[in-house]
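Engineer: So the protein sequences, as listed, match chains L and G.
Okay, so the first sequence: first residue is 1 according to this note's numbering, each after it adds one.
Okay, so the second sequence: first residue is 1 according to this note's numbering, each after it adds one.
Source of the hints: derived by calculation from the structure; they are not laboratory data.
Hints are not guaranteed to be accurate.
Since the list gives no way to pick one copy over another, a pair counts as held whenever it fits inside one copy or between any two copies.
[Stated by the list, open to error] Below, computed lysine-lysine pairings styled on BS3-like, alpha-carbon distance capped at 30 Å: (1) Lys166 x Lys43; (2) Lys43 x Lys162; (3) Lys162 x Lys3; (4) Lys162 x Lys27; (5) Lys3 x Lys15; (6) Lys15 x Lys162; (7) Lys27 x Lys15.
Owing to the predicted nature of the structure, the values given are computational and were not obtained by experimental measurement.
The primary structure of each chain is shown beneath.
Protein chains: 2
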Amino acid sequence: MPKAPQVSDSVAGIKGSVYSKLLHKLKTHQGEVYPFHVGDTWKSPPEGCGTDGILASDHAGLNQYTPPQGLPRLVDLVVERMRVRTGAPVERENVLVSGGATAGLMAAVGAVVGPGDEVLILAPHWPLIDGITRMFGATPVPVPVLLSAGSAEEAVAAVEAKATAKTAALYVNTPSNPTGRVLPRAWLEALVAWARRRDLWLFFDEVYEETQFEGTHTYGFPLAPERSFSLHSFSKAYGMAGQRVGFDVGPRAAMAEALKLHTHSTYSAPTASQWAAVRALEGAGDEWARASREEYRRVGTASAHALGVPPPQGSTFLFLDVAERLGPGGLAAFLEGCAEDGLFAAPGPSFGPFPTHFRICYTACPPDVVARGVSVLARRLGR
Amino acid sequence: MPKAPQVSDSVAGIKGSVYSKLLHKLKTHQGEVYPFHVGDTWKSPPEGCGTDGILASDHAGLNQYTPPQGLPRLVDLVVERMRVRTGAPVERENVLVSGGATAGLMAAVGAVVGPGDEVLILAPHWPLIDGITRMFGATPVPVPVLLSAGSAEEAVAAVEAKATAKTAALYVNTPSNPTGRVLPRAWLEALVAWARRRDLWLFFDEVYEETQFEGTHTYGFPLAPERSFSLHSFSKAYGMAGQRVGFDVGPRAAMAEALKLHTHSTYSAPTASQWAAVRALEGAGDEWARASREEYRRVGTASAHALGVPPPQGSTFLFLDVAERLGPGGLAAFLEGCAEDGLFAAPGPSFGPFPTHFRICYTACPPDVVARGVSVLARRLGR
């Protein structure tokens, strides 16, 4: 029992900010700064999807709570969107409008994962899934497969090798943060079939659904609607990170539990942000997503070329191995050197067991700034 | 282990919405509706504190994340506000800008409470503290003292009677939701001294700090800064519920843990909402809070008079015992009858062991609407 001043054991195991140690340099750096450590976009959201476009005079109750599940109009639009895009028989009871995909994933994980459970996480992985799993007393088990596996069979063998009787769920993120990889449909189908045999829950982190550079995104939810949560983000899809709004889709009974957790941690997503999300789904988002995808593809491909790595397939990141450039100070010294050039990157260990990698986001700044930052980095890498 | 489709045990124990069963009547009712079940205000926020007053052209990064702790300017203003109001040596490391006080309380509770712990909750209590405690595998223990205890000694005796070796924390909310009671400073001092002897954490839910009708609010944090969290709300203080922003103050080491939990559930509070909160603390909020307090006092007193109960001392609620009016259908039938008159109230069991009480919020509608709704209720009560 954590008598004062002791803190909770499970929370003590959660990592804090991965960036904080170098960020003082960001403020004091002389010259251009390249904040590639943040996963965000430099672009403004679609016309009318900023909160300043949502007027109290047009929307009664703009400064009041909404129902915890979300504005009815937004819930309806999510239902329609998911039916059209996935073909799955999504109903209102399958949907939760979240205060951002982070809040949505927290609610989904907490709904079905508890103390003693293990959650398999395809790695390298989005940093916060580790801490979200720990929040509920469960153990995150990274499965380092995204940099190495070459086939669906290898991917299944990798998760099978890490599975135990305590395994409760599998987390899959495609397009992937941080690798930029897109998992082929055959992989998803094989992983789903495996999860079904083991009676596991599935978390499909689909926040980069709009940022796949070839072909179209394979939605996870319809592959196993009885055991899948899909997590969606207006931040990533439409440049609305400051608005804090996303949505979850999942099995009806489990979503009732996720709604409880969301009610007890967010209550309702911000009201103006939900109206902005309505606009995005009513059509304002589509052309923005198309144009952004094209820009991100161009910038990502050029950045990869300059850095001598394969072009990304999706998301907004490159994940680079710099083992051969590390001296006795290791990755920390390397990233500190980058910070002296005004360039900030996220260290590999935030994404799993990757002590010689780091991640850059090539959409955090306008393309010309990214190009200059990438040149700075290429020089450091001798590429 | 909750193999699909089983959900998490601890979440299954959390109550869902307390209002849902009657709400369909709210939409279909012919005639004026009195939604007194919601804890909110009908008033628009202070000038410029709506999100539509915060323009992207004035604020770089309005659609992007802020640091998880909060906008630096807002953190500074909270530090200043808390130093001036409490005299405590508050520093930036003691502060977290939360995505609403619900998110802030979740982060504080999770930081220091874990599986097997018990949390004492002065009751009747804010409904969600029950579920927040369960989220982290702990057990909420209501201490029904706010309707009955007449002295600080009685209050201490009541918590002592419910304390066990598993007790980790005490939750105190003053001014109180739902009772409208204000705990005298002597009570708070006695409870703090008792908590200190037992080495307990303290959660001071101070979201109604601006809504105390006589004297000034006694802040809990300075009474035991080594073990106290104080939770604050822009929703309640300045009518900004739709904006989802609040703040926590607590001991430095524990706040580092709360920040982690907040990062993993909200990431950062909505950006435009944080700028609106800056405006409120820079001065726009003060006159609004003063005028609202005066209005709330007037409406609360008149409502209490019409209903034959003592006037409220603070917050925005009346908590009524209707034991003598209940028939075989109990409270549910009574509240259903009210709903047929267009009047909605929150049932007593949401607030602890109070099967014959219900709560009304007298600030959810303009004063004239409240007056008409109160008349409807008074007739039903034969008062």
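Engineer: Each of the hints needs a verdict: does it hold here or not?
Structural biologist: So, going through the hints one by one against the coordinates:
1. Lys166 x Lys43: neither (43 Å within a copy, 51 Å between copies)
2. Lys43 x Lys162: Classified as neither; 40 Å inside a copy, 55 Å across copies.
3. Lys162 x Lys3: between (36 Å within a copy, 17 Å between copies)
4. Lys162 x Lys27: Result: close neither inside a copy nor across copies, 42 Å intra and 51 Å inter.
5. Lys3 x Lys15: The answer is both: 22 Å in one copy and 27 Å across copies each meet 30 Å.
6. Lys15 x Lys162: This pair counts as within: shortest intra-copy Cα distance 22 Å, inter-copy 35 Å.
7. Lys27 x Lys15: within (23 Å within a copy, 45 Å between copies)
Checked against the numbered hints given earlier, the structure breaks hints 1, 2 and 4 and satisfies all the rest.
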